[in-house]
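Chains as they are written, first to last, in my numbering: chain H, 17 to 339; chain L, 17 to 339; chain W, 17 to 339; chain S, 17 to 339; chain R, 17 to 339; chain Y, 17 to 339.
Errors might be hidden in some of the hints.
Said to hold, decoys possible - Derived CB-CB ranges, DEER-like:
1. E254(S) <-> H176(R): 44 to 52 Å
2. N136(H) <-> G226(Y): 31 to 39 Å
3. G180(L) <-> L45(W): 24 to 32 Å
4. G252(W) <-> D51(H): 44 to 52 Å
5. G131(R) <-> R159(S): 54 to 62 Å
6. L120(S) <-> M183(H): 57 to 65 Å
7. G131(R) <-> G226(S): 19 to 27 Å
8. H176(R) <-> G137(L): 34 to 42 Å
9. A54(L) <-> D20(S): 23 to 31 Å
10. Y214(H) <-> E124(S): 39 to 47 Å
11. E195(W) <-> G239(R): 39 to 47 Å
12. L45(W) <-> G137(L): 55 to 63 Å
13. N136(H) <-> G180(L): 49 to 57 Å
14. E195(R) <-> E47(L): 22 to 30 Å
Said to hold, decoys possible - Derived, one-sided and incomplete: chain Y residues facing chain W with beta-carbon distance under 7 Å:
15. P73
16. N115
17. D118
Honestly, the hints are just simulated from the structure, not real lab data.
Note that the Cβ used here is the ideal one computed from N, Cα and C, for glycine as well.
Protein chains: 6
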Amino acid sequence: MTTDPFFHPVSGFDLPRYAGLPTFMRLPLVEPGHDRFAEVDIGLVGVPWDSGTTNRPGPRHGPRQLRDASTMIRAEHGVTGLRPFETAACADLGDVGPNPADILDSMERITEFYGRMKRNGIRPLTAGGDHLTSLPVLRAVARETALGMVHFDSHTDLFHSYFGGSMYTHGTPFRRAVEEGLLDPKRVVQIGIRGSMYDREDRDFAAANGIRIIPVEEFHARGVADVMAEARDIVGSEPCYVSYDIDFVDPTFAPGTGTPEVGGPNSYQALQVVRELEGLQIAGADLVEVSPPFDASGGTAFLGVTIMFELLCAMIGAQKAAG
Amino acid sequence: MTTDPFFHPVSGFDLPRYAGLPTFMRLPLVEPGHDRFAEVDIGLVGVPWDSGTTNRPGPRHGPRQLRDASTMIRAEHGVTGLRPFETAACADLGDVGPNPADILDSMERITEFYGRMKRNGIRPLTAGGDHLTSLPVLRAVARETALGMVHFDSHTDLFHSYFGGSMYTHGTPFRRAVEEGLLDPKRVVQIGIRGSMYDREDRDFAAANGIRIIPVEEFHARGVADVMAEARDIVGSEPCYVSYDIDFVDPTFAPGTGTPEVGGPNSYQALQVVRELEGLQIAGADLVEVSPPFDASGGTAFLGVTIMFELLCAMIGAQKAAG
Amino acid sequence: MTTDPFFHPVSGFDLPRYAGLPTFMRLPLVEPGHDRFAEVDIGLVGVPWDSGTTNRPGPRHGPRQLRDASTMIRAEHGVTGLRPFETAACADLGDVGPNPADILDSMERITEFYGRMKRNGIRPLTAGGDHLTSLPVLRAVARETALGMVHFDSHTDLFHSYFGGSMYTHGTPFRRAVEEGLLDPKRVVQIGIRGSMYDREDRDFAAANGIRIIPVEEFHARGVADVMAEARDIVGSEPCYVSYDIDFVDPTFAPGTGTPEVGGPNSYQALQVVRELEGLQIAGADLVEVSPPFDASGGTAFLGVTIMFELLCAMIGAQKAAG
Amino acid sequence: MTTDPFFHPVSGFDLPRYAGLPTFMRLPLVEPGHDRFAEVDIGLVGVPWDSGTTNRPGPRHGPRQLRDASTMIRAEHGVTGLRPFETAACADLGDVGPNPADILDSMERITEFYGRMKRNGIRPLTAGGDHLTSLPVLRAVARETALGMVHFDSHTDLFHSYFGGSMYTHGTPFRRAVEEGLLDPKRVVQIGIRGSMYDREDRDFAAANGIRIIPVEEFHARGVADVMAEARDIVGSEPCYVSYDIDFVDPTFAPGTGTPEVGGPNSYQALQVVRELEGLQIAGADLVEVSPPFDASGGTAFLGVTIMFELLCAMIGAQKAAG
Amino acid sequence: MTTDPFFHPVSGFDLPRYAGLPTFMRLPLVEPGHDRFAEVDIGLVGVPWDSGTTNRPGPRHGPRQLRDASTMIRAEHGVTGLRPFETAACADLGDVGPNPADILDSMERITEFYGRMKRNGIRPLTAGGDHLTSLPVLRAVARETALGMVHFDSHTDLFHSYFGGSMYTHGTPFRRAVEEGLLDPKRVVQIGIRGSMYDREDRDFAAANGIRIIPVEEFHARGVADVMAEARDIVGSEPCYVSYDIDFVDPTFAPGTGTPEVGGPNSYQALQVVRELEGLQIAGADLVEVSPPFDASGGTAFLGVTIMFELLCAMIGAQKAAG
Amino acid sequence: MTTDPFFHPVSGFDLPRYAGLPTFMRLPLVEPGHDRFAEVDIGLVGVPWDSGTTNRPGPRHGPRQLRDASTMIRAEHGVTGLRPFETAACADLGDVGPNPADILDSMERITEFYGRMKRNGIRPLTAGGDHLTSLPVLRAVARETALGMVHFDSHTDLFHSYFGGSMYTHGTPFRRAVEEGLLDPKRVVQIGIRGSMYDREDRDFAAANGIRIIPVEEFHARGVADVMAEARDIVGSEPCYVSYDIDFVDPTFAPGTGTPEVGGPNSYQALQVVRELEGLQIAGADLVEVSPPFDASGGTAFLGVTIMFELLCAMIGAQKAAG
């Protein structure tokens with residue numbers, strides 16, 4: 017399959033990477049009203065929103081910085097030789113406009129945007145936004161059937177509530193998603209969990225519901241290949257979601273985030289784990305918690321978009337396997 | 017009057033300024049449950065909260081950075097010779113704990129904290145927080161009678177609502193305060209207003225209610241002394257509130273803020289305007305919108321605490337004038 | 017005159033300023049091939065190019081950072097009440113693609129782009145780029161008749177050559193422009209010149225050709241209004257160009273530039289001088305030498321776009337005066 | 017054993033981590049005069065002092081930045097499940113006030129402070145300060161009997177003197193400590209030593225006295241578990257001290273320090289080595305050489321406090337093993 | 017007088033400013049042993065030393081950063097047309113090597129270095145270092161006769177002692193210099209003094225000895241010309257010293273310093289005050305307290321070297337007036 | 017062999033590392049005209065030039081920052097015990113002065129400078145500059161006979177041209193070098209290649225000419241020792257060049273570069289690979305693409321000079337093996 021050149025990114029051989037408006041990976045901007053919207057296979061979407069953040073804010077600025085950094089991405093995957101933009105019609109769909117002063121209103125806007133994508137057969141690759149973003153996205157993507165999930169993170173995000181009853185924060189999205197039937201907990205695996213803990217309430221919920229947690233100590237001891245083989249087994253051949261919190265990566269490699277935890281994977285492992293998703297049926301993916309105010313050098317965003325490129329290739333690989 | 021040495025700050029001649037826990041101005045920490053709470057005349061309070069921010073977040077980190085910078089403040093005002101900490105019992109009352117995931121809950125917590133202060137006869141000097149902070153503070157301080165206000169800012173913060181109906185943002189606090197009868201609009205003056213504008217809805221509200229706006233062009237043309245004489249006339253001899261948004265100052269002098277506007281006063285004028293408040297009956301004051309993530313050098317916080325020291329001296333001067 | 021809403025920017029009341037792709041001032045992107053290109057009155061163009069830089073590079077990154085900062089600009093001028101986007105059809109025309117490895121090739125590309133604009137009746141407001149940018153722009157804009165020029169800068173940029181004969185650097189553009197008949201030296205005024213000097217070769221050229229230099233010491237002594245009145249007299253009522261090097265402003269207010277000179281105007285004066293251009297026939301304007309690698313806080317870019325907004329209003333004011 | 021809730025830290029579920037005064041790990045502040053001082057088991061102390069620094073200064077600012085970062089620490093160790101604050105009475109004892117203009121006076125002040133702790137049965141966990149800090153601490157802690165030591169560092173700090181005879185610098189503390197009988201050199205192991213060298217004078221001293229040096233090349237070749245097993249053997253079951261210079265860690269993971277050396281352990285290994293201290297009789301520990309002026313992002317301090325949390329757990333584990 | 021080309025700086029027209037080793041102002045390096053040492057008229061010396069600093073350290077790194085920034089200085093003064101390097105033989109004499117672990121030893125080394133200069137008839141222009149630097153310099157320069165002094169600063173540096181008796185800190189040099197007969201207090205003027213104060217002990221010493229203090233409020237009210245006329249009167253026609261603490265300037269213009277005070281002169285005034293020294297008999301001058309760790313952008317150093325260039329021209333102007 | 021003490025660096029025990037002019041590794045400055053030039057064995061040269069850069073500029077500032085960081089290097093290699101400065105006569109030869117406005121002129125200047133070195137028997141160790149630097153260096157070093165090369169990089173730099181025909185950029189030097197017969201492609205190995213790709217044009221050229229590419233995935237899988245054994249085999253016992261692009265290293269360890277690629281070697285591996293060059297006949301080496309504007313902390317430069325120290329030791333080791 018070769019896509020229409022309309023969907024091919026601008027080359028750095030023709031236009032320097034610092035020139036031109038920074039869409040995701042230099043792809044065309046195809047916002048919902050655009051006349052080629054329905055042709056898109058995979059839509060890259062920004063969700064500039066961090067109202068779920070309980071500590072240091074900033075991910076609302078993530079999409080813009082990620083787009084800027086993404087102009088460094090080129091046409092071909094260096095290892096597999098996949099040329100994703102010639103294989104699937106990819107486009108930048110723009111940002112969902114949030115309401116920074118109203119959490120519920122913002123979640124509705126997000127779900128509506130992704131619902132429109134779903135009705136047009138567009139699979140989403142999201143640039144967050146804090147981790148609460150995944151919940152309204154899943155409400156659209158998993159509306160009909162519960163999904164499995166590969167979740168890279170240093171936290172489980174399975175807490176019940178914060179501050180005396182607040183149910184919607186970036187520490188609670190997957191608790192809500194399981195409760196709402198959007199995720200099948202037995203097909204969920206959480207990788208990289210670490211750090212000091214409040215208590216074991218989240219772990220107890222995971223255990224009671226069959227969610228598999230792979231702490232970072234186990235990750236380091238077993239290695240990427242072994243851990244990811246188990247992850248693929250857990251998720252199986254049915255559709256799944258991939259949620260990648262940048263704080264999965266060690267904070268030295270990804271300082272631009274709000275709740276870092278020491279001792280995580282390095283940048284090479286950060287890519288390897290995505291390459292090991294090959295063959296899964298990925299209904300959607302996100303990269304969240306990139307926080308530019310804490311990323312003065314831009315290195316976190318650059319790592320983030322490199323991960324997004326790997327996620328994109330994994331989504332297409334899955335498509336090919338299914339096609 | 018000489019206060020109990022308990023209320024005197026630590027001297028930099030005895031303990032270097034980088035040593036010890038950074039309370040505001042090296043004052044004793046006297047949280048609400050402390051047994052000397054009722055003895056406090058002026059309480060310095062942190063409100064680490066920015067849920068009203070519609071653009072770049074960060075003021076939730078303000079109180080901590082302001083306390084750190086405040087260890088540079090010494091015992092005596094260089095111009096007037098006032099030794100505030102020996103004149104009034106001043107203390108750091110700690111922070112109000114906000115709920116970052118719930119605006120209304122946070123406003124209730126703030127109002128409750130300041131109500132307790134008021135019942136103990138403590139006048140507040142607040143370190144925000146974004147500008148929405150002023151509203152729940154005024155609900156406590158102005159509970160019984162509407163106050164006048166001297167408001168330093170580059171924005172009026174008099175808008176009706178944002179994003180299709182959100183009533184509580186950092187662009188709306190004084191609209192609400194006038195509506196709720198907390199401020200007497202005819203005794204309100206806003207100084208330093210500037211920048212490009214959405215529309216004139218806020219100006220129309222000001223005009224309709226008798227709020228005096230002094231744009232920065234007028235400020236620069238007339239000079240500090242003339243403008244402040246008018247401000248004192250407007251506010252008069254009845255109790256008033258002073259609200260100081262750090263974005264009143266030119267962003268080169270105060271880059272650490274979320275919504276800067278070019279062309280404001282310099283750092284010397286930033287202090288002068290406060291010195292010109294001498295004689296007013298200041299029931300409370302705040303310094304808001306200091307945003308550490310955008311203040312890499314800490315210069316904004318240092319300017320902020322220097323302004324707070326001037327506000328403190330002005331509050332005591334007012335007290336003296338009244339005493 | 018009210019423009020088509022297509023040409024109106026997105027409001028921050030509807031979409032937060034950190035959301036959406038950052039075009040200049042949130043205007044529509046109308047690149048040369050766009051079907052509404054010919055409707056544009058004033059085109060905002062980026063020239064991401066710094067091959068003429070003899071010291072610290074970086075202005076090639078200017079247009080992207082300026083667009084990002086420009087999302088803070090709103091619809092109405094705070095002082096004059098002008099609503100420029102409803103008065104003239106303004107659009108972001110995208111970037112001219114330079115060749116960073118070939119100075120002459122890049123200059124041809126730039127002149128060609130601006131020639132196309134000129135043929136469509138679009139007046140340019142350029143975001144550089146280093147100051148050599150002005151030369152290929154003038155080759156298009158002043159193709160038919162020599163222009164006057166108001167030039168804000170700390171350097172004259174009138175040198176003959178560098179490094180043993182290099183004729184095209186950011187220190188030589190206006191020497192070339194005078195030699196090529198693009199500028200009428202008797203209608204050129206350079207304001208803000210300062211700093212230590214190599215020698216007097218540039219001043220001698222100015223004197224010999226009738227170019228008026230107003231050093232910063234004279235600027236500070238006489239004040240903005242008096243200096244600008246003389247500037248308007250020099251330029252007169254015939255068409256002129258406005259070239260604004262950000263290093264005109266004191267480097268504390270504009271650190272993000274390659275060749276700063278201490279002791280320049282402050283940020284308020286930086287805006288005032290543009291407001292004083294009212295009434296001139298401005299055929300085009302540029303803001304150059306913003307260098308993001310030396311502007312960690314983004315303050316220089318924010319000042320830069322505020323100046324661009326003033327330039328835009330001045331260009332429209334001129335149009336109105338002529339209309 | 018369950019400690020009095022007075023000694024429990026504030027939870028981030030109740031109060032956001034950016035709120036409140038930043039004591040170490042959100043523990044109560046129990047300075048020497050406090051009436052519960054004698055109840056403390058483990059005291060966290062800051063020594064804001066860097067007069068021993070021969071190159072880039074800054075560790076005097078370490079304790080304040082470390083306290084700030086430490087508000088991210090939670091109640092439970094993620095791997096062992098130990099809840100240290102419920103197991104031992106831990107408190108922030110404040111800072112020792114140094115005299116930045118007098119090295120000998122400062123050392124006396126430090127030894128006196130730690131002597132008082134020792135008389136009250138409080139084991140110290142110190143946040144430096146530069147590495148000279150360890151000497152006056154050891155003068156109190158090892159007053160009666162020489163201790164073994166596990167020393168993590170890239171330098172031996174065993175030099176005789178600097179600059180023609182200066183005996184007290186951050187390159188000499190352990191030479192002095194051995195000379196003064198505070199350390200038993202045969203029970204001392206130094207891990208991670210690397211970098212280019214002046215000469216072999218320090219190595220010769222180590223060899224002559226039986227100090228075991230494990231260079232980083234050996235560390236990388238053998239791995240954490242093997243190296244630490246040897247370290248435990250060397251130190252044995254008698255009381256020991258643990259001194260952790262943050263420059264043990266690779267400077268990419270810990271840039272905020274004055275004398276970095278390339279090629280050290282990563283952040284995961286930085287934690288692992290402390291976990292491997294389990295079972296040692298740790299009479300005291302320190303984390304030194306964190307230098308905020310060279311740690312713009314705060315990542316070094318965050319790594320530092322995570323190491324301090326591991327050290328605290330190791331000290332309690334040792335206590336339990338002994339109890 | 018035209019100097020030997022050996023003493024002329026490299027031109028930026030020949031070698032870009034970022035190339036070559038950064039000596040002060042691109043002058044030749046003529047260290048004390050050099051065979052042309054005795055030919056030097058004015059020697060630029062670095063004193064990388066900050067052991068007198070009681071708060072934030074860093075000025076030990078000043079000379080290196082100042083040399084780097086000084087490569088931007090050109091051959092001719094923009095206002096007076098003076099070409100200093102062709103008028104007097106100027107050279108970079110290198111750094112005095114301090115002992116960071118011993119204050120008294122360092123002071124002896126400095127005095128010895130400057131004594132050698134004095135014996136060779138070389139007038140010093142010093143780049144500090146903290147303000148204690150001025151004391152050992154004065155011990156050499158004013159060995160035979162007490163000097164007058166123009167002192168630009170926000171602090172008087174006239175305190176008796178710190179921390180219970182430390183006599184040599186950056187807050188005491190001029191107290192010592194008066195006591196030692198190096199300065200004639202009746203010919204000393206201190207300009208720009210401001211900020212909150214510990215007490216009035218320094219002011220009392222000034223008053224008792226006839227030192228004239230001009231607070232910044234008076235400076236702003238009277239203006240540069242008037243204040244400097246008085247300063248010249250105070251100092252008179254006998255030899256004097258000029259000591260310029262960079263914290264004289266407002267911290268927004270000069271953030272890279274350890275003890276900033278809000279509300280100082282701007283960058284233009286920072287230069288003007290030096291230009292007003294014309295005609296004084298300047299026996300030596302220094303620029304101190306530039307602290308690179310707090311000057312991320314390098315702007316403070318750039319301002320500092322521009323001030324040094326003005327000081328150099330003032331020293332030569334004085335020489336000319338005397339010649 | 018013991019060299020003349022003239023060629024020994026200054027010790028940090030005598031002069032603090034922040035004092036004195038920063039020559040490379042504190043070696044004597046021996047510029048081409050110096051009377052001991054011909055005695056030099058290995059010359060450290062700066063090439064402050066980045067006109068070949070197609071994306072983010074900055075390496076023109078590399079030599080100055082590298083010299084500054086290099087003052088941390090000491091006299092003896094920590095692992096091998098080699099004391100390079102006593103084994104070979106090493107000196108800082110200063111910078112080649114480039115023409116930033118003319119690529120061809122700059123290349124001629126560089127080749128001329130290195131030709132002079134070659135005629136004096138001096139082997140070069142270069143601090144770039146961008147990677148185009150290697151081409152004019154090779155034109156001098158490999159004038160007579162094609163060299164082998166060990167090339168550490170994340171890019172092949174084997175492209176034909178950019179931007180419609182530009183032949184000299186930092187993406188093309190080794191394509192040119194092979195075409196010009198300066199390199200023997202069958203003795204060239206490129207290690208660490210990674211990242212997304214434009215196309216396979218460079219790989220095709222490598223394959224057609226026998227250049228061996230070792231992608232980073234293979235590097236990580238096989239390990240340093242195995243990969244470097246192959247590299248030594250490829251290069252063999254004939255003279256070779258070593259070119260080290262700092263972007264070989266993972267961008268977290270080396271952020272200060274213009275075209276980073278995620279997933280590279282860590283800092284320890286960055287040194288190990290050079291140590292494994294032992295025994296090769298190294299005719300010259302370079303370390304390029306260090307870009308200070310993107311290296312706020314200076315960590316990249318510090319890693320860079322540590323690599324240069326390893327390269328220097330490898331060059332001397334090779335010399336010894338050959339001697």
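key: Whether the CB-CB distance between L120(S) and M183(H) falls inside 57 to 65 Å   = For L120(S) and M183(H) the Cβ distance comes to about 59 Å; the hint holds.
query = Does P73(Y) pass the interface hint, meaning its C-beta sits closer than 7 Å to a C-beta of chain W?
reply = 4 Å, holds
ask   = Holds or violated: D118(Y) as interface residue toward chain W, Cβ cutoff 7 Å?
value = Holds - the Cβ of D118(Y) comes within 7 Å of chain W, reaching about 6 Å at its closest.
ask   = Range hint 39 to 47 Å: satisfied by the CB atoms of Y214(H) and E124(S)?
value = 42 Å, holds
message = Verify the CB-CB distance for E254(S) and H176(R) against the hinted window 44 to 52 Å.
response = With Cβ atoms ~49 Å apart, the hint holds.
inquiry  = Given a hint of 54 to 62 Å, does the C-beta separation of G131(R) and R159(S) actually sit inside it?
reply    = Violated: the Cβ-Cβ distance is about 46 Å, outside 54 to 62 Å.
key: Range hint 44 to 52 Å (beta carbons of G252(W) and D51(H)) holds or violated   = 49 Å, holds
inquiry  = Quick check on a hinted range of 34 to 42 Å for H176(R) and G137(L), using CB atoms only.
reply    = At roughly 40 Å between Cβ atoms, G137(L) and H176(R) fall inside 34 to 42 Å, so the hint holds.
inquiry  = Verify the CB-CB distance for E195(R) and E47(L) against the hinted window 22 to 30 Å.
reply    = 47 Å, violated
request  = Starting from the range 23 to 31 Å, see whether the pair A54(L) and D20(S) falls in it by beta-carbon distance.
outcome  = Holds - the Cβ-Cβ distance for A54(L) and D20(S), about 27 Å, lies within 23 to 31 Å.
inquiry  = Does the beta carbon distance between N136(H) and G226(Y) stay inside 31 to 39 Å, or does it fall outside?
reply    = 50 Å, violated
ask   = Taking the closest Cβ pair, is N115(Y) under 7 Å from chain W?
value = Check passed: Cβ of N115(Y) comes within 4 Å of chain W, closer than 7 Å.
Going down the numbered hints, you'll see the structure goes against 2, 5, 7, 13 and 14, while the others check out.
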